[in-house]
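With the hints as extra help, turn the sequences into a complete structure.
Protein chains in written order, with the working numbering: chain A, 11 to 209; chain B, 11 to 209.
Rather than coming from a laboratory, the hints here were simulated on the basis of the structure. One or more of the hints may lead you astray.
[Stated by the list, open to error] Below are the DSSO-like pairs computed for lysine-lysine, each with C-alpha atoms no more than 30 Å apart in a straight line:
{"no.": "1", "chain 1": "B", "residue 1": "K72", "chain 2": "B", "residue 2": "K196"}
{"no.": "2", "chain 1": "A", "residue 1": "K196", "chain 2": "A", "residue 2": "K72"}
{"no.": "3", "chain 1": "A", "residue 1": "K196", "chain 2": "B", "residue 2": "K196"}
{"no.": "4", "chain 1": "B", "residue 1": "K138", "chain 2": "B", "residue 2": "K196"}
{"no.": "5", "chain 1": "B", "residue 1": "K72", "chain 2": "A", "residue 2": "K72"}
{"no.": "6", "chain 1": "A", "residue 1": "K72", "chain 2": "A", "residue 2": "K138"}
{"no.": "7", "chain 1": "A", "residue 1": "K196", "chain 2": "B", "residue 2": "K138"}
{"no.": "8", "chain 1": "A", "residue 1": "K138", "chain 2": "A", "residue 2": "K196"}
Number of protein chains: 2
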Amino acid sequence: MPKRVDHEERRRAIAEALWRIACARGLDGASLRDVAAEAGISLGQLQHYFSSRDELLVFALKHLGGLAEERIRRRLTGLSAPPSPRDVLRETVTEMLPLDEESRTGNLVQIAYFVRALHDERLRGHAKEGVPALRAFFADQVRAGIARGEVAATRVPDAEAMLLIALTDGLTTYLLLEVCTPEEAKGLLESHLERLFTP
Amino acid sequence: MPKRVDHEERRRAIAEALWRIACARGLDGASLRDVAAEAGISLGQLQHYFSSRDELLVFALKHLGGLAEERIRRRLTGLSAPPSPRDVLRETVTEMLPLDEESRTGNLVQIAYFVRALHDERLRGHAKEGVPALRAFFADQVRAGIARGEVAATRVPDAEAMLLIALTDGLTTYLLLEVCTPEEAKGLLESHLERLFTP
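The following block contains the structure:
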């Protein structure tokens, strides 16, 4: 068992080296050799854990996804009262925005991955995987809002979920480009939710 | 004067070689030498027109932006009746989505540029330039909608403009990843506009 743990730990350490490069200068043109250097190991050692750049990217992305889910869960359980569906949606989308170093890193790695997935069908498959789960989770909140009489029954939960995901994603872009301030992005999402939660 | 025209034509031909690479395999790792080869000229000849990859990227992006504006203008003037503010917004965001080869190319080049701008303050400056003009144009349409009694006077034109831009951008991502179908994306934008244009 310890050997397995070491293996996973080493893989995570390599993924973190990749994140540092993604944050500092982006992954455009960064090679496995660059990642190995950042992780303080040889290219051969790195290739023992990851046979290709894409394999490393998929692992780094899943690891980041897990950390992001963990962060959202902590945020929701940390609220004083049981959160309403509107609270859950607000806290989740806020946690998805690049408002601190960790979520900024997550978003930058996700973008690097997205750019590769555009030209690689296999990678696009992975990219699609995460969306239905998030969409179903958001749709559940809208459905709960309708059941509580807080959202108009004419709203379509699945469509509202996709709108909210797309909106959060678009605001992420403009936050990273510094076109939008964090306060503005949060205010825009709040006013979108305000209108959604109107019986 | 003919010399100047030749110069601009050559620059456009090089930009188009860059677009072809962006569409086929992305710009991640593509060098000036690759672009020169695609354009059928030597690296030295290319460097006569563009001294750096970023200079070429900025030119290619501005040229694409000009073509996109032209396309939107043609679409709006091609409508049978003078378009209402809601028509203008619908037609403009639809034209921005990657629904045909030309707008798909435009979006792919924009993303390649965006990824570089994340790590380059000077490039971020260029990226920011286009947004205020689009935002002001969208805000004007919302304002006109309020004046015509089609949009509630409580709506804030500038905020609605940014929401619509971010939403269109997010949907572009999910269209490119094939998470969303063109019909779905257009339907989601239509229902967003439907709600905005409710007195």
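So which of the earlier hints does this model not fit?
Hint 5 alone not satisfied by this model.
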